[in-house]
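This is what each chain is made of:
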Amino acid sequence: MDVLEHAFACPLSHGLHARPAGRLAAEAARYAAEVTLLHEPTGAVANAKSALALIGLDVGGGDRCRMRIAGADAASAHAALGRFLAEVLPGCDEPLTAPPAGPDLALPRSLRAAGVRWRAGTGAAPGFGQGVVVFLDRLPLAPPTGAACVSREQEEEMVRRALAGVRTALEAGLVARPSPVEAAILEAHLAIATDVALAEAIVEHVRAGVPAGPAVARATASFAGRLLAARSLYVRERAVDIEDIGLQLLEAIDGGRPRAIAPVLARPSIVVAETMAPRQFLALDRGHLRGLVLERGGTTSHVVILARSFGVPALTGLAAARADLRAGSEAIVDADRGILVLEPDAVARRHYERRRRAHRRGQERMARRVQAPAVTLDGRRLEVAANVATAEEVEPALALGAEGIGLFRTEMLFMDREAPPSEQEQFEIYARAARVAAGRPVVIRTMDIGGDKPVPYLGLPREANPFLGCRGVRLSLRHPEVFDSQLRAILRASAIGRVWLMVPMVSTVEEVRWVRARLAAARAGLETAGVACDPAMPVGIMVEVPSAALDIARFAAEVDFFSIGTNDLAQYVFAADRENREAGGLHDVRHPVFLRLLAGIAGAARRHGRWVGLCGEMAGAPANLPLLIGMGLDEISAAAPELPALKAAVARCSAADCRGLLERALACRTAGEVGDLLAAFRGRGDAPGLLQRELVTLGSDSASREEAIEEIVEAMAAAGRTQRPRDLEEAVWAREAVYSTGLGHGFAIPHCKCDAVTASSVAVLRLERPVDWGATDGQPVRCVILLAIRASDPDDAHLKVLAQLARRLVHEEFRERLLAAADEEAVLRCLAEELGIPADRTA
Amino acid sequence: MTACPTGIAHTYMAAEQLEKTARALAHEIKVETQGSMGIENELSARDIREADAVLFAVDIEVENRERFDGKRIVRVSVQEVIRNPGAVFARLQA
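Chains as they are written, first to last, in the numbering used here: chain E, 22 to 864; chain Z, -14 to 79.
Don't take every hint at face value.
To be verified - Lysine-lysine pairs mimicking DSSO-like chemistry, simulated, CA-CA at most 27 Å apart: (1) Lys15(Z) to Lys5(Z); (2) Lys821(E) to Lys5(Z); (3) Lys15(Z) to Lys821(E); (4) Lys5(Z) to Lys56(Z); (5) Lys821(E) to Lys774(E); (6) Lys56(Z) to Lys15(Z).
Keep in mind that the hints were calculated from the coordinates and are not lab data.
Can you build the whole structure from these sequences, using the hints too?
Listed below in structure tokens is the structure:
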């Protein structure tokens, strides 16, 4: 029999790791032929139908490999695998989840100054927590002692039953629709549990006379060991998943008796382990779990992913951590800074208490901003909604402040499958979205598909210009049965919640009338069958084709609402494809001509009493917001992560100012001029005064210069005067490094000019116990005054006031007044009077 | 002349300290500050010509130094002025 070959170099920069190995194994498994992979650099050969065996080859990016195929259907296998290697494999390289963006790996100054004991690690799951140290041991993979080998056939039968049992349990877990994180882990485990090479290895041991239990233990150890020797950290992290499956098999063989895999937590705890399996993490009482320390493993292990999804702070890469720690002692995991603090003292406790308060405040501020409706300074309401593509995205969107779903894209339901989704399948999805939205509107857009999308069952024609061809509603016209099925599903969902129907790519009124006719027929059919639906469901269109954009008056008579799709509209208006390198630059939604069109659409819609929203990418940029407010839109819809910033931006604008801005923008000649106009436009209420109640702290228990500066910077952050407190802190220390700002008589005047400051400020901190500041007169400091100036165009008036404040501090009477002031208000009054700032300018 | 590194606080504290101390010692003084707001209370050619003493209380380079050519200049740090203005004045009189 001939052996067919494919010689290739691994096209994946991260090498042949779990996902691509799994896909290759699945592809190879479709054929009866034997398929093996030779890794030329090492000469090792693996069964290509086993993902584990492939991973064990440790094929790196660029490594030369040879795939060998022999057997009955070798020819077709060879052809298919050739295609796979050329077309599918290169695309399997999704970026491995990167570690959380830039953790600031640095010991806080106050902790360093106080000499706390600490170890450096890598922050893998964000946050910080304190608890007693509890050690966790590795999975108990000792084989069960007991019943001697009955017969090899029976032992083999036990193994097969165990494998089947574990597979069934994992599949059941997946059917129960777990969270995406848990689903990913279950899938990875299922791939291991169904891996042919693993099963073969266990059976081989049994046939050689080893009882089932020890056979599992040996095979598990062997595969895990091979993975632990891999070059790629990602692959090494998978070893613990193999051990997890090994344990499940052992438990199954042992009559289903579960083994103790994790300690019981009785109080707030930091769990420390060399390595951890996902099920061990899940077995820990999360009510008491405050943090994780993993000696080995990186940031892509399943445990870390679970920790992130459950909000448990985690540190990795602390080699031999257990040797440094005593079980039962206190420790703090600070994954934001990548440090582990051992046996924290009062200074450390104060520091983390401050950070806890800051964190809580940030959450509260976010919650307040997010849940309030978006209203301008002069009372104009703008609905801020979210664009989604699945029902699962609705809840997170609401959590970020979405007041509705302005666009529910349905294409995903139709793509990448052999046949269209059934009415029932669609109904369940739309109904879930409507239910979760709890009374907020959900605008469902009918299938928006064109020749460029993978939908084989629709028999889409090959078009020279798919964007100018059969897509959107035009396609629905061609496939009325598919369309009707979607209409019925949407109508049924309209009985569950507030559902609006929207049609894409409409260019003529006839199309709208056709849709309404189909809708009426569908509704009649449902009513006859006694199925409920909303008789007044609003029907609207996407405004993205110029022939509709220029004829709003006529369309207003046919539809209930409009939603402007600026992405495609701009493409058609400028006759430029955004993705086209040559022409893409012409596509600019800020161009005055385009703005005039948008304003015209909005104006016409309002004149005819129709709701008008905007769901293109343009809505997602807070910088564009003043223009959109000026146009008088009823709603904007954008990706959920943008919503908090958008709502905050709305609250800072005055609609009257925005209308004026729009007028000026329409008079510009180029998009560049509009851009300049927007950059210079600052909503009113953007510039607070120098003083604010929250910037005055009395009775502080800070015990060092480092702590005092941390505390006063924290007050700035709490008052919203900086978004980057670490940078502000560093700028203050940069000035301290020149020479101490302790100016004698118990006063210190740290100051800086930096762009981490959002508004120039004066902050005051009075200390219960004076601290050493390295002052010129050697006296400790009782009163700290921070002068923080915004770097970009600082207000000259502010500079004058600060210079004045500095001068006043030279005079004893002023200093005495500040020291004697009874409370925060008194301090503020003293400052305001001295500096001639009118009282109501204290923010 | 006073000029400190950041030009926000010490420049003006030093100026204030000098003016306060000069008053107490019954001297006439004019202080030019070079800070974040630029040059304020600029010393004119006449001011410089008629001065008995010139003091640079500075931590950085002074702007338009040529104005003082020919005059005897006493140079101290900004910190010294703030900490011990009396001693600084004593040096000027020496």
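Results for each hint:
{"no.": "1", "hint": "Lys15(Z) to Lys5(Z)", "result": "11 Å, holds"}
{"no.": "2", "hint": "Lys821(E) to Lys5(Z)", "result": "19 Å, holds"}
{"no.": "3", "hint": "Lys15(Z) to Lys821(E)", "result": "19 Å, holds"}
{"no.": "4", "hint": "Lys5(Z) to Lys56(Z)", "result": "24 Å, holds"}
{"no.": "5", "hint": "Lys821(E) to Lys774(E)", "result": "14 Å, holds"}
{"no.": "6", "hint": "Lys56(Z) to Lys15(Z)", "result": "16 Å, holds"}
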